[in-house]
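In order, the protein sequence lines correspond to chains A and B.
Sequential numbering from -18 applies to the first sequence in our numbering.
Sequential numbering from 49 applies to the second sequence in our numbering.
Not one of these hints is a red herring.
Pairwise CB distance ranges (calculated):
#1 A:14 with B:102: 51 to 59 Å
#2 A:29 with B:140: 33 to 41 Å
#3 B:145 with A:74: 53 to 61 Å
#4 A:66 with B:236: 34 to 42 Å
#5 B:91 with A:66: 42 to 50 Å
#6 B:203 with A:98: 55 to 63 Å
#7 B:279 with A:66: 48 to 56 Å
#8 B:154 with A:100: 41 to 49 Å
#9 A:84 with B:153: 21 to 29 Å
#10 A:74 with B:255: 53 to 61 Å
#11 A:24 with B:151: 37 to 45 Å
#12 B:238 with A:74: 44 to 52 Å
#13 B:89 with A:93: 40 to 48 Å
#14 A:100 with B:145: 52 to 60 Å
Beyond 12 Å from chain B on every Cβ pair, some chain A residues (computed):
#15 14
#16 16
#17 18
#18 22
#19 23
#20 73
#21 74
#22 76
#23 78
#24 93
#25 95
#26 96
#27 98
#28 99
#29 100
#30 101
If you're looking for bench data, these hints aren't it; they were derived computationally from the structure.
The beta carbon of each residue, even a glycine, is placed where N, CA and C say it ideally should be.
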Amino acid sequence: MRTKVALLMGGLSLAAAAPGLAHHAFSAVFDATKKVAVTGTVTKFEWMNPHIWFYFDVKETNGTVTSWQCEAGPPNSLIRQGWNRNSLKIGEVVSVEGSGAKDGSNTCSVSSVKASDGRRLFSGQAQQ
Amino acid sequence: MTKNRFVASRWLVAATLAILAAAAPLQSQGRGAALAPVIPPEGAPKGPIPRLPNGKPDFSGTFDHPRVADVTKPVNGCTSGPGCVAVTDTPEIPYTPFGAAEDKKEPKFDYGLYCLPWGYVRSTETPFPHGYIQNNNQLVILWEQDNFFHVVPTDGKPLARDLEPTWMGTSAGRWEGDTLVIETGGFNAKTWIDTAEHVFSDQLNVLERMSYIDQDHIRYELTMTDPKMWTKPIKNTRIFSRMSTPLLEYSCEENNKEIREGFYLENNPLKK
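Can you build the whole structure from these sequences, using the hints too?
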């Protein structure tokens, strides 16, 4: 699997990171200007309050594996959009975009999650 | 009088601009009829509305509200769809010198991070809807945010003075025709009036006026007074939209990285 890890400085709006604002001080943890784009294989999925978290391994071009953790919105909001605890499977390959952590760790607040079959996860209405 | 007219006119302009800015009709998504793109003044509702056995309006139900992260800014839309509006006549917080000094204090303790109560005013500005259960004697407010609740007696008794300071305050409700007027005081002042971290003092007095626009939309007028912090009242007027879906569970504590693991970036196992 060819993976891509790109840390792009950009103008990601705070609105895209709204789920983070819902609970904690987004700005204390994440840098809205530090745009993250990562593709990897899901290893763990926490469909839990106050924000869902998922963990995934990214295979670097040199063959090493880097572990990432990212948060999205809370279950109640995602349920209203049609998502549930089965929306993301362990072993699934996802492309994640979001805001990176201020401390430079492999942590992000997502603005977009795309499955390998093209499904957009945790945004808009779920595909039934 | 001139000043009042100016304020009223500025409010109307702000309301109109805020709503027109979205350039989309305020359609309610499965929540009743389309809503005209203005916040109408208090008055007789359009069509029949739910009523209590005593004949007063019954606000029972689930309602979506605008996500008001900053009371100085207008909002168009509900937390999960269109149909809500928030307008402000306070584009800037009118701090007293004491209030300005308090506002500048950093860092502010982020109580929400630790799942403490969001506070009375801010609870109705959250990213999640709220609901009401009502009878002849009381209105119970149910917030999905942190699954918190608050009881408002509606028997017309005035708000007691020298209240015990609490996170959510103490309320007293009375009817003015078909408008429910709720006065709330007795705050511990450990919260903010919004996510923008606008602070207030133990002198905060909150006056809310709730009335039906039609059976699916509530006109909500919020006036906050705090002579210690502000030189004049802060006013926000909003529209809430009835939802057909119930409130959901929300547990702030469940997998709260800050509480379970400390400030999670400091304890981040992936930290470089």
